[in-house]
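Participant: Read off the chains here:
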Amino acid sequence: MSKNFRHLVSTAVPIAIENIDTDQIIPARFLKATTRDGFGENLFRDWRYDANNQPKADFVLNDPTYKGEILVGGKNFGCGSSREHAAWAIGDAGFKVVVSSFFADIFKNNALNNFILPVQVTDEFLEKIFSAIKSDPATQLEVDMEKQSIRILSTGDEAKFDINPYKKECLINGYDDIDYLLNLRKEIETYEAGREFNF
Amino acid sequence: MGKTLFDKLWDSHVVLSKPGFPDAVYINTHFIHEVTSPQAFDGLRKRGIPVFRTAKTKATADHNVPTVDQHLPIKEALSRKQVEMLTTNTKEFGVELYGLGHPYQGIVHVIGPELGITLPGMTIVCGDSHTSTHGAFGAIAFGIGTSEVEQVLATQCILQYRPKRMKIEVNGQLKKGVLSKDIILYIISKISASGATGYFVEYAGEAIRALSMEARMTICNMSIEMGARGGLIAPDETTFEYIKGREFAPKGADWDKALAYWKTLHTDKDAEFDVTLTFDAADIEPQITYGTNPGMGMGITQHIPTLEETDDKEKASFKKSLEYMGLEPGSELLGKKVDYVFIGSCTNSRIEDLRLVADFVKGKKKADGVVAWIVPGSKQVEAQAKREGIDKIFEAAGFHLREPGCSACLGMNEDKIPAGMYCISTSNRNFEGRQGPNARTFLASPLSAAAAAITGKVTDVRELV
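Top to bottom, those sequences are chains A and B.
Each residue of the first sequence is one higher than the one before, counting from 2 in my numbering.
Each residue of the second sequence is one higher than the one before, counting from 599 in my numbering.
Among the hints, a few may not be true.
[Claimed, not checked] In silico DSSO-like cross-links for lysine-lysine, where the CA-CA straight-line distance does not exceed 27 angstroms:
| # | chain 1 | residue 1 | chain 2 | residue 2 |
| --- | --- | --- | --- | --- |
| 1 | A | Lys129 | B | Lys918 |
| 2 | A | Lys187 | B | Lys644 |
| 3 | B | Lys616 | A | Lys187 |
| 4 | A | Lys148 | A | Lys161 |
| 5 | B | Lys679 | B | Lys689 |
| 6 | A | Lys135 | B | Lys918 |
| 7 | A | Lys97 | A | Lys129 |
No lab work stands behind these hints, which were simulated from the structure alone.
Just chain A, with the same shape it has in the complex (with noise of 0.2 angstroms):
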């Protein structure tokens, strides 16, 4: 997974399904591992896969018709369980940016904390990108973090997409949140004892 986003064009991969759960993802029955790689292989595994571990050839990531480094996922993806494991599992698989109508907020965390890029556009806008991707699935989508902006290069729809200015900072240049906390060591032993109570 690379360590920092900037600006990407690519095709997309779209699922028009709302409410996309973590254990859609990334099933339960796959979370055993302890180190974080490996967990691509079984993205969207109920999904992608019978009960006799066969592919299913109606769905989307089986169907070579659909690559790219953009996942486009229905209104409020991500719910459901904090698994970080969804995350590195859309890395993994090589996934850089995810875009939906709205996130759900853990998923949204995980997905920063691990370079990718959340984008959050509007229903009308998301419908667009996959009506582009339906009648051309080579459309192309273009990502710009600085500007802040997705376009659809086949039509010359543009969105603005919101993000922290903190998180942006962290994207472009491969911070990490534990980076930025540990040099507030001063700070936390200050608060620490000023608290009233050891709880």
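Place chain B on chain A using the hints.
Facilitator: Chain B only, in chain A's frame:
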């Protein structure tokens, strides 16, 4: 202007607030378990740093453990390895572990409160989304990812933006046969699985105040199922009564001092919420879910929405969901045959849940062909049930009382619902495959689950109590 309880607690835990940056928030208690901690400990090792405050970190094994024969080695190699790794990690870093075989072992969100570790006024995190449970004590408690687990292990702080505030008021009184689980399933069905995303919820109103601590925990537990960052309830006499005398609760002069502080923990009268929602407890009947997210629920006597009643944009997801469940739009669930009954999980596995179910099934027998599992939330709950003779009641009714763990809530350990089978479950998620590949889940209260075990089908428990 006054402040909300949430803001009072947040403000008193901010170590550093800088414009444009997330707040560095101090964490009083950090619970860890075997699934979401190995990579975090590994991160500390790579950075060459210790756990910053070991005394504020508590560990248990719950997700991966079998719920039979816990005295034997775990059969499944990967599960065993993960549980063993928790033991070696906690030993190496000096963190207390209530592992398998320990009298305090259990589901992390059950043991925190029962040991008196969870207290009003605290900030609590855990690498598990149902950490919101602890909010029932008037604490800020929320689930985090593994990178954040590493942050908290390393610094006892977490970087977070302050969420918005939502108040959910439930007024009036609950009707007979309706439990706190029904309240929260009802709310989620009204506001959807994303209805509170971005918010921290405070639950208030007469119907909430009337609940026991354990019933309040059930409500706060499922806050995440409507997307909320967490949910809390201001502490009151019910809270203080519950905590007093528990293992790690303050004692003597410390208790008096803590109590005086806890009594100040409430939302000021003139405080403002970003959103306020109001419900009437009298409108709530026993609830059941029919779909594949917790927002797809209804009163047990109602019918599943028809395609015409479904929003155009949601039609595709709705159809996919009902296909998975093997159910028809517009149909009723009453009378639907069930194969499994699961009473357990961090939502409903506490002693009150077990007592309620035992009271109901006493002298009755489960229906033929139904597998009924009762999985206590902790070793202490299990021991208490045995002291009270509840285990005998379950046995006589044909229910299987197992050993503590997350069990069939998440299809990770040995306890899974077979493909295609219907399980009425007191857990918190009905996602596709949640209880095992292709398993079909109906979420409901412990009473509704017990009623289904007896009749073998989805039943309106009000007809039996």
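Participant: Now tell me if each hint is right for this structure.
Facilitator: Now for the hints, and whether the structure bears them out:
no.: 1; hint: Lys129(A) to Lys918(B); result: holds, 22 angstroms
no.: 2; hint: Lys187(A) to Lys644(B); result: holds, 23 angstroms
no.: 3; hint: Lys616(B) to Lys187(A); result: holds, 16 angstroms
no.: 4; hint: Lys148(A) to Lys161(A); result: holds, 8 angstroms
no.: 5; hint: Lys679(B) to Lys689(B); result: holds, 15 angstroms
no.: 6; hint: Lys135(A) to Lys918(B); result: holds, 19 angstroms
no.: 7; hint: Lys97(A) to Lys129(A); result: holds, 20 angstroms
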